[in-house]
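Student: Listed below, chain by chain, are the residues.
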Amino acid sequence: MEPEAAKLIGAGLASIALGGAGIGIGHIFGSYLNGALRNPGAAQGQFANLLLGFALAEATGLFALVIALIILFVF
Amino acid sequence: MAESNAGGVGIDPMHQFEIRRYVELDFLGVDVSFTNSSLWMVIAVALITAFTTLSMSGRALVPGRWQSAAEMTYEFVASMVRDNVGTDGMRYFPFIFTTFMFVLFCNMLGMIPYSFTVTSHIIVTFAMAVLIFLGVTIIGFITHGLGFFKFFVPPGIPAVLLPLLVVIEIISYLTRPISLSVRLFANMLAGHTMLKVFAGFVVLMGIWGVLPLVFMVALTGLEILIAFLQAYVFAILTCIYLNDALHMHH
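Residue numbers (this note's numbering), protein chains in the order written: chain A, 1 to 75; chain B, 76 to 325.
Since the hints were made in silico from the structure, they are not lab data. Treat the hints loosely; a few may be bogus.
[Stated by the list, open to error] One side only, chain A facing chain B, incomplete, derived with CB under 10 Å:
no.	residue
1	Gly-19
2	Gly-22
3	Ala-55
[Claimed, not checked] Beta-carbon label-pair distances, calculated as ranges:
no.	chain 1	residue 1	chain 2	residue 2	range
4	B	Ala-145	A	Ile-9	25 to 35 Å
5	A	Gly-30	B	Gly-161	47 to 57 Å
6	B	Ser-132	A	Gly-12	34 to 44 Å
7	B	Leu-286	A	His-27	26 to 36 Å
8	B	Tyr-149	A	His-27	43 to 53 Å
9	A	Pro-3	B	Phe-126	49 to 59 Å
10	B	Tyr-149	A	Leu-72	37 to 47 Å
11	B	Asp-158	A	Gly-12	40 to 50 Å
[As the list claims (entries may be wrong)] Cβ-to-Cβ under 10 Å is the rule here; a few derived chain A residues that face chain B:
no.	residue
12	Val-66
13	Ile-71
14	Phe-73
15	Phe-75
Just so you know, even glycine gets a beta-carbon here, dropped at the ideal spot from N, CA and C.
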């Protein structure tokens with residue numbers, strides 16, 4: 001296999017991790033809505049935690065993106 | 076963002092992140108040229124200074140529009156510090172406020188077309204994150220002395236598991252500057268690259284380019300949200316690290 005092709009495949013494989021980030025973000029917002037509909041009074045107080053959890057979950061997907069970019073542009 | 080080639084073939088989504096030297100400077104063999112990155116940092120700092128000083132110059136008892144905006148940002152960060160660090164953390168409020176405003180303004184200025192996103196470069200965010208990490212660790216050692224090492228020993232854990240868990244705790248502590256900086260940098264890099272790729276679609280698809288154009292408008296809104304959110308997350312994680320150093324955990 002040509003190294004160029006292997007690089008492209010590797011970058012593609014690295015982006016699979018974004019699926020995990022998608023599950024995580026969906027889970028966070030789903031759980032938040034679930035809790036917020038059960039107890040709307042407490043929802044506003046947890047909004048900061050929601051954003052924090054969203055950012056933390058999203059970051060793991062972006063780490064994979066960084067790996068893909070490193071494979072494509074650094075090697 | 077960078078100029079796009081109308082031909083469509085030569086669209087390079089990474090071109091916008093290119094560093095250009097405006098004034099060549101050399102300090103003891105180190106390249107300290109004034110670049111477009113430095114220029115946009117100076118613009119951000121100038122805007123923050125103008126925003127906070129000019130809006131408060133009236134000092135009205137009943138605040139006007141600008142003064143309310145400045146007071147709101149102050150109160151926003153102040154309540155963040157009070158909630159996450161406690162009242163004794165208010166000593167570090169000026170630092171958190173500066174960090175938040177700098178990241179926020181850099182992110183927001185990056186949303187202006189043809190501008191440059193300072194925070195889309197890992198070295199900028201990593202320098203900030205390492206500074207925060209070192210500062211927080213030093214604060215931890217000053218407050219607790221050598222007792223700060225107890226931070227790495229989770230309480231209520233059987234002694235058999237301790238060698239493993241202490242190593243994991245230390246590794247997770249040491250990766251903080253990496254995760255803090257990569258989160259901000261990757262969000263900015265990915266967002267702006269995505270905007271540029273979709274902008275390329277608009278050019279490539281000709282008349283049907285209105286479809287990605289509509290999508291682009293929504294994406295720009297999302298990016299502005301992300302720009303604020305990442306500044307918020309950067310500041311709140313700084314608060315959480317500071318709280319760990321001041322009050323240890325649990």
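Student: So, for every hint listed, does it hold in this structure?
Tutor: For each hint, the structure was consulted:
1. Gly-19: violated, 16 Å
2. Gly-22: Because about 14 Å separates Gly-22 (chain A) from the closest Cβ in chain B, which is outside the 10 Å limit, the hint is violated.
3. Ala-55: holds, 4 Å
4. B:Ala-145 - A:Ile-9: 25 to 35 Å: About 52 Å separates the Cβ atoms of Ala-145 (chain B) and Ile-9 (chain A), which means 25 to 35 Å is violated.
5. A:Gly-30 - B:Gly-161: 47 to 57 Å: This hint is violated: roughly 32 Å between Cβ atoms.
6. B:Ser-132 - A:Gly-12: 34 to 44 Å: violated, 55 Å
7. B:Leu-286 - A:His-27: 26 to 36 Å: Holds, at about 31 Å.
8. B:Tyr-149 - A:His-27: 43 to 53 Å: violated, 35 Å
9. A:Pro-3 - B:Phe-126: 49 to 59 Å: holds, 50 Å
10. B:Tyr-149 - A:Leu-72: 37 to 47 Å: Holds, at about 43 Å.
11. B:Asp-158 - A:Gly-12: 40 to 50 Å: holds, 42 Å
12. Val-66: For Val-66 (chain A), the interface hint holds, since the closest Cβ of chain B sits about 5 Å away, which is under 10 Å.
13. Ile-71: Cβ of Ile-71 (chain A) sits 14 Å from chain B, so the hint is violated.
14. Phe-73: This hint holds: Phe-73 (chain A) lies near chain B, its Cβ roughly 8 Å from the closest one there, short of 10 Å.
15. Phe-75: violated, 16 Å
Going down the numbered hints, you'll see the structure goes against 1, 2, 4, 5, 6, 8, 13, 15, while the others check out.
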